[in-house]
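Q: Based on the sequences and whatever the hints tell you, model everything.
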Amino acid sequence: KQEVTQIPAALSVPEGENLVLNCSFTDSAIYNLQWFRQDPGKGLTSLLLIQSSQREQTSGRLNASLDKSSGRSTLYIAASQPGDSATYLCAVSPNMLTFGGGTRLMVKP
Amino acid sequence: EPEVTQTPSHQVTQMGQEVILRCVPISNHLYFYWYRQILGQKVEFLVSFYNNEISEKSEIFDDQFSVERPDGSNFTLKIRSTKLEDSAMYFCASNPRAVLGEAFFGQGTRLTVV
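One line per chain: the protein sequences are A and B, in this order.
The numbers in the first sequence follow my numbering, run straight up by one, and end at 109.
The numbers in the second sequence follow my numbering, run straight up by one, and end at 114.
Among these hints, one or two may not hold up.
As the list claims (entries may be wrong) - Mimicking DSS-like on lysine-lysine, the simulated pairs with C-alpha atoms at most 27 Å apart in a straight line are:
{"id": "1", "chain 1": "B", "residue 1": "K42", "chain 2": "A", "residue 2": "K108"}
{"id": "2", "chain 1": "B", "residue 1": "K83", "chain 2": "A", "residue 2": "K42"}
{"id": "3", "chain 1": "A", "residue 1": "K108", "chain 2": "A", "residue 2": "K42"}
{"id": "4", "chain 1": "A", "residue 1": "K1", "chain 2": "B", "residue 2": "K57"}
{"id": "5", "chain 1": "B", "residue 1": "K57", "chain 2": "B", "residue 2": "K42"}
{"id": "6", "chain 1": "B", "residue 1": "K42", "chain 2": "B", "residue 2": "K78"}
{"id": "7", "chain 1": "B", "residue 1": "K42", "chain 2": "B", "residue 2": "K83"}
{"id": "8", "chain 1": "B", "residue 1": "K57", "chain 2": "B", "residue 2": "K78"}
{"id": "9", "chain 1": "A", "residue 1": "K42", "chain 2": "B", "residue 2": "K42"}
{"id": "10", "chain 1": "A", "residue 1": "K68", "chain 2": "B", "residue 2": "K83"}
{"id": "11", "chain 1": "B", "residue 1": "K57", "chain 2": "A", "residue 2": "K68"}
{"id": "12", "chain 1": "A", "residue 1": "K68", "chain 2": "B", "residue 2": "K42"}
{"id": "13", "chain 1": "A", "residue 1": "K68", "chain 2": "A", "residue 2": "K1"}
{"id": "14", "chain 1": "A", "residue 1": "K42", "chain 2": "B", "residue 2": "K57"}
{"id": "15", "chain 1": "B", "residue 1": "K57", "chain 2": "B", "residue 2": "K83"}
{"id": "16", "chain 1": "A", "residue 1": "K42", "chain 2": "B", "residue 2": "K78"}
Since the hints were made in silico from the structure, they are not lab data.
A: Here it is, written out as structure tokens:
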């Protein structure tokens, strides 16, 4: 059974810092890895999708990498802003998604 | 930009009552899903739906749950007899291509069973 773990569970940084969120999964037989953002009490906003044949994806200040063989992904956020404060979730598939527990990020002005 | 729409945003119901949660997936998507998130816990898969039938379901999705696509746009989750432990945020998602596609989620319905 696939297990997804995210470290750290919570992170507080000053504005402007570059930061890395980690995601690990136990079964490397995945098709996709997807990163989401979740604001308190809200839905899930898709940030990046990495297909299993890809190594990384970039969108603006976000860069996600995937090392399928080692069961790891990282989400790099450059020049963090207070508006980045949210919970970040990673999830892996085939078909249905298995989610990690998330990293709760607080960026302080 | 196309989005997944869920109604209602919040529903309070008494234990034992039936509830129907509604979703309008993105119009050209073919695969539909329900997930739930109990407060403070991980997002959990409930069921996937393709070509008017269930393609996969989790252990959580027991006989109390059912899904339906009653017309060309709506996708519903019914809970027949709600229990206190059904209180959670329920998310609908859709995907154009299943295994290789990007899943898009709605804003969720917060179900509170009292």
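Q: Holds or violated: K57 of chain B with K68 of chain A, Cα cutoff 27 Å?
A: Answer holds: K57 of chain B to K68 of chain A is near 26 Å, not above 27 Å.
Q: Would the hint linking K42 of chain A and K42 of chain B be met if the CA-CA limit is 27 Å?
A: holds, 14 Å
Q: Within a Cα-Cα threshold of 27 Å, do K57 of chain B and K78 of chain B meet the stated pairing?
A: The given pair, whose Cα atoms are some 14 Å apart, holds under the 27 Å limit.
Q: For K42 of chain B and K108 of chain A, compute the direct alpha-carbon distance and say whether it is at most 27 Å.
A: holds, 26 Å
Q: Given the hint that K57 of chain B pairs with K42 of chain B, test it: the Cα-Cα distance must not exceed 27 Å.
A: holds, 17 Å
Q: Checking one constraint from the list: CA of K42 of chain B to CA of K83 of chain B, max 27 Å. Satisfied?
A: holds, 19 Å
Q: Hey, K68 of chain A versus K1 of chain A, does the alpha-carbon distance stay inside 27 Å?
A: Status holds; Cα separation ~16 Å.
Q: Compare the distance between the alpha carbons of K108 of chain A and K42 of chain A with 27 Å, and conclude whether the hinted pair is satisfied.
A: holds, 21 Å
Q: Just to be careful, I want the Cα atoms of K1 of chain A and K57 of chain B compared with a cutoff of 27 Å; is the pair within it?
A: holds, 14 Å
Q: Would you mind confirming whether the straight-line C-alpha gap from K57 of chain B to K83 of chain B stays at or under 27 Å?
A: holds, 19 Å
Q: K42 of chain B and K78 of chain B were given as a pair; does the straight-line alpha-carbon distance stay at or below 27 Å?
A: holds, 21 Å
Q: Taking 27 Å as the top limit, are the C-alpha atoms of K68 of chain A and K42 of chain B close enough?
A: Holds. K68 of chain A to K42 of chain B sits at ~22 Å (cutoff 27 Å).
The structure fails to meet hint 10 from the earlier list, while all remaining hints are met.
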